[in-house]
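A.B. asks: This is what each chain is made of:
2 protein chains.
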Amino acid sequence: MSLFVDRRNLDFMLYDVGGLETLLTTERYSDYDRATITEIFNTAEAIAGEKYFPCAAKLDANEPEFDGELVHIIPEVSEAISAYRDAGFFGAGFDADVGGLQLPLTVTNAVASIFMGANLPLSNYHFLTIGAANMLAEFGNDAQKDSYLGPMLEGRWFGTMCLSEPQAGSSLSDITTKAEPTEDGHYLISGNKMWISGGEQEISDNIVHMVLAKIPGGPPGVKGISLFIVPKYRVNEDGSLGEKNNVALAGLNHKMGQRGTTNTLLNFGENGECHGYLIGEEHKGLFYMFHMMNEARIGVGLGATMSGLGGYLYSRQYATERLQGRHPQDKTPTSPQVPIIEHTDVKRMLLAQKAYVEGALGLILYCSGLIDQQQTAESKDDYAEAGLLLDILTPIAKSWPSEFCLEANKFAIQILGGYGYTREFPVERHYRDNRLNLIHEGAHAIHGIDLLGRKVSMLDGKALDILKARILEEVDAAGAVAELQPWADSLKSYLDEALSATEKVLACGDLNLRFANATLYLDALGHIVLAWMWLRQARAAEAALSSGGDQTEAFYKGKLSACRYFFNYELPRVTHWLNIVGGLDTTCLDVGADEFYCE
Amino acid sequence: MSLFVDRRNLDFMLYDVGGLETLLTTERYSDYDRATITEIFNTAEAIAGEKYFPCAAKLDANEPEFDGELVHIIPEVSEAISAYRDAGFFGAGFDADVGGLQLPLTVTNAVASIFMGANLPLSNYHFLTIGAANMLAEFGNDAQKDSYLGPMLEGRWFGTMCLSEPQAGSSLSDITTKAEPTEDGHYLISGNKMWISGGEQEISDNIVHMVLAKIPGGPPGVKGISLFIVPKYRVNEDGSLGEKNNVALAGLNHKMGQRGTTNTLLNFGENGECHGYLIGEEHKGLFYMFHMMNEARIGVGLGATMSGLGGYLYSRQYATERLQGRHPQDKTPTSPQVPIIEHTDVKRMLLAQKAYVEGALGLILYCSGLIDQQQTAESKDDYAEAGLLLDILTPIAKSWPSEFCLEANKFAIQILGGYGYTREFPVERHYRDNRLNLIHEGAHAIHGIDLLGRKVSMLDGKALDILKARILEEVDAAGAVAELQPWADSLKSYLDEALSATEKVLACGDLNLRFANATLYLDALGHIVLAWMWLRQARAAEAALSSGGDQTEAFYKGKLSACRYFFNYELPRVTHWLNIVGGLDTTCLDVGADEFYCE
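In order, the protein sequences belong to chains V and X.
Letter by letter, the first sequence follows residues 1 to 599 in the numbering used here.
Letter by letter, the second sequence follows residues 600 to 1198 in the numbering used here.
The hints are simulated quantities; they were obtained by calculation from the structure and are not laboratory data.
Heads up, a few of these hints could be off.
Mimicking BS3-like on lysine-lysine, the simulated pairs with C-alpha atoms at most 30 Å apart in a straight line are [what the hints assert, rightly or not]:
id, chain 1, residue 1, chain 2, residue 2
1, V, K331, X, K777
2, X, K744, X, K979
3, V, K504, V, K492
4, X, K883, X, K1061
5, V, K331, X, K822
6, X, K1156, X, K1067
7, V, K145, V, K178
8, X, K1156, V, K504
9, X, K930, V, K462
10, V, K504, V, K468
11, X, K822, X, K979
12, X, K930, V, K178
13, X, K1103, V, K331
14, V, K331, X, K1061
15, V, K557, V, K492
16, V, K223, X, K930
17, V, K557, X, K1103
Work out the full structure: start from the sequences and follow the hints.
C.D. replies: Spelled out as structure tokens, the structure:
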């Protein structure tokens, strides 16, 4: 069985739960049907299996090196990306009129998941390129699109996102990279950018950096940030590459995991003119960036999910094959040892992984589906509703998998025991890779503040109202199925708790106190959303069990067991978190810095 | 400030909470007083600071290598251990009549904590040697002690524990290493041992392996296991080293963390006679091993605690120095940025680390104190009571720090953000190092089964009764202090919940079901024990605040804040765990292996 993708589960999620076939009947996606989508997945799985998966351990053990001139990466990376490029995957999600395949995001994220599962650090190179190309396609002018978009969708040029600086990580307001206008229309960029993934490499012919910078004289803070295209090599009018643009690699960061993705400190304009090209209007850079951020954040959640899946698939195979110990009631030392999957605590750790990983995948595909719904919306209201729901779900889609699929990786190591702690087995690598996801694309706490400080209250709470309505729709639908009714009731009751805690905390005028437990609020609402996702899966499984489905009975029973695990072992944690949030607990707010006595 | 030990906290724990001065008045420890102990700590801190701490990152980045002949370790390791040896620390805890310093375990564990905090993988070499020497001192015969104990206490020969085999990790019952008696009195050892820390190195002149093996014809299972001394070099009658004893290094394991400690697969007797010397009686090996296991397990808990402390100390310093962002109510982008320790969520992550790490240290020192109480007990009853309390606390002392100080390391990384994820900063190393502790010296689940299956019910629940009585003593004492009374009440209430859940689960005759949620039981009872430990610290802090103490007011207030954090944010989790345990939830028991569909 594959150790990086679970095709049966993917089919179940897309068709039985997600209703992809209905989406494929819309005009926008009318070129595709289930058979063609299956072919696309087959191609992705074949390439990932041949080119991505086999070099994952080698890439981790041989991270990119900078010799002062060039960055060296093992050759398998370039070969893998060539195969990905040749299959046309760079442009899979883009409109046909710019040369893309115009596939739904649900499908392109399913494809991305296959490559992420096989080799996350390697797939980051295309993930970032697609993100940057997305931004260009949406906000670039025609000339910019003519110059840059084609080579990016062909996978000849890669892209990066340059936000953070050494002195400004979570606080973008304080970036200092400067963009000075010139009479020739371009800007001169100067400053340093930190944590730039893919910031330097020799795999692609050019690198297109999307850079946040401040134009002198603009407003202070985030309102003075503009967005620029800054290529590694300047581009001539005929599309050929010109001279170097003075983007210098100051150094590679050496990370705990995701080692195969170069991570860089870049100096812009230190040794000569560095040209930048303004995207859209001045001072609106953060708006553009965040407009595209939803997709990037869903992508981070997906990467976290696939790291989790890699550990789950490996540890369930190991648990089936490894013989160790006996059942508690068997006191005969000469009786044969059992596969460890028969030990209840191993089953607990497998169920936990399954509940986290398959639940998270459900959420990511649901969020992807909302963007597809926007693309095919028949009214402005439908468009707006899908957008608002996506807005409120995005902090959860990014953060929840990052937190709980990391926990899944911890269990995968535990199931392998001492072997899991060695680098001869992949589970510790997934654990190291996954630890990044709580940090990048907005640290965990930032998403709590985003959720509680903006998303739940915006437009008089409209996004929260939509979320509530959707969850209650599922509660009604599942409540009509006898086997699921107790879970439906339970979800409704926890949702009521969450709404009540939300009211209490939003009524607090002291912003410091209001946000004091925002991270716990994020975890709590996340668990409620995931319970909703599990109820959707359970309902689809029940329907298949009674009316027939493509999978085995054990498959559907496994879905019900994982749902049961989530409702019994995970969801009740919400009460504790919400007591703290709704009770406006001041423990963390009150403690003085001197009490940690770092004087 | 030191980044590997918190001397002020150590003093508070030993004297204000632990009452070490009273212990030092007993005859056994009458050579020592607070001043001499302080000098010992000063020496340890100086050596650890000069020799252990500076090479920790280098040792991690340059793990031991085997060239087919010899194992090469960076020279700093040997130099560091020389300094440790010269200070007499190998024999610190041993009786004066065998050449030791006869210090209380509370003190030697405090000393060990300093070296573990500075460089855990390096300190493993002496930790293991002391453990093996302990076993020899307790159960070896005079000739064995004459031959081996002296060189070990002088730190010239190191020791190992050889339990696991490739096919038998958690299930010692299934080991197959053989020990065949000879007419010369020694046994011929043959078999493979896996995960042997310190199993090969060139630092010490000899290595004394303590090996579990089966004598042919003995009873099956654990009742047929015997314990042998198996030296790397045989020892001549005059104490000089003889020929090699055919213990061959089959390979080094390459771990995620704790890389500086060689971890080995050893072949015994593959290429010639390998002599083993029986300790005590045949077939009693596991009894001897487990008799000494309490100390080893407390040591693992201490190592986990010190990995946690390393992350806490580093991240609190970073949080004080790093400027980033503003308070929520400050909307002026030009106002100066604040140290991140002023952000409530950063304070939450520091409080969590403090609560986990200082709570765990309290438990480890308390358990060490129980062994000291045994050493100085005036009656058999006192001796037995301390022993039973230690028995029931040991699974928690090993497991709780391993679980929650790893969580502390996760928070330390988060506070440093992107920097925390790089190998330029130590917090990711602590996280990697610490992940081992849930696995070795008994995997997490094994301790849950040990606690629920043996410790709480042995001698008609006498150990649990003693634990309950000790906790209620603290509840009474703290309840008499107005500020602490709500916490005292809360602890009593959760203890009642735990006792009630214990009754319910022990009444279940189906062993499979009884143990189905043993891991959650371990976590729940662990949290209750830790709340007790925090109440002890809070009471000592309150006393110092009202009557004066050696530390600043902020120090004591910090103790109360961490206690408040533990009671508000951590202890309430117990209810959820106990609902599952007491409710005999069958979710994990019921799920079939086929539902994970690995067919």
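A.B. asks: State for each hint whether it applies.
C.D. replies: Hint by hint, here is what the structure shows:
Straight-line distance between C-alpha atoms of K331(V) and K777(X) comes to about 23 Å, which keeps the hinted pair within the 30 Å bound. A threshold of 30 Å between alpha carbons decides the hint, and for K744(X) with K979(X) the separation of about 27 Å falls inside it, so the pair holds. For the given pair, K504(V) sits about 19 Å from K492(V) by alpha-carbon distance, which is consistent with the 30 Å threshold. A distance of roughly 25 Å separates the Cα atoms of K883(X) and K1061(X); the hinted pair therefore holds under the 30 Å criterion.
Of the supplied pair hints, the one linking K331(V) and K822(X) holds, its CA atoms being roughly 12 Å apart against a limit of 30 Å. The suggested pairing of K1156(X) with K1067(X) holds, with an alpha-carbon distance near 28 Å, which does not exceed 30 Å. At roughly 24 Å between alpha-carbon atoms, K145(V) and K178(V) fall within 30 Å of each other, so this suggested pair holds. Under the criterion of a C-alpha separation no larger than 30 Å, the hint pairing K1156(X) with K504(V) is consistent with the structure, at around 29 Å.
The suggested pairing of K930(X) with K462(V) holds, with an alpha-carbon distance near 25 Å, which does not exceed 30 Å. Using a Cα cut-off of 30 Å, the hinted pair K504(V) and K468(V) holds, with the two alpha carbons roughly 17 Å apart. Note on K822(X) and K979(X): the hinted pairing holds, with a Cα-Cα distance of about 28 Å set against a maximum of 30 Å. A threshold of 30 Å between alpha carbons decides the hint, and for K930(X) with K178(V) the separation of about 22 Å falls inside it, so the pair holds.
About 23 Å separates the Cα atoms of K1103(X) and K331(V), which keeps this hinted pair within 30 Å; it holds. Of the pairs offered as hints, the one joining K331(V) and K1061(X) holds, with about 25 Å between alpha carbons and a cut-off of 30 Å not exceeded. Restraint check: the Cα-Cα separation between K557(V) and K492(V) comes to about 23 Å, which is no more than 30 Å; the hinted pair holds. In summary, the hint linking K223(V) to K930(X) is supported, as the alpha carbons are separated by about 12 Å, within the 30 Å threshold.
Distance hint between K557(V) and K1103(X) is fulfilled; the C-alpha atoms sit about 29 Å from each other, no more than 30 Å.
When each numbered hint is compared with the structure, no violation occurs for any of them.
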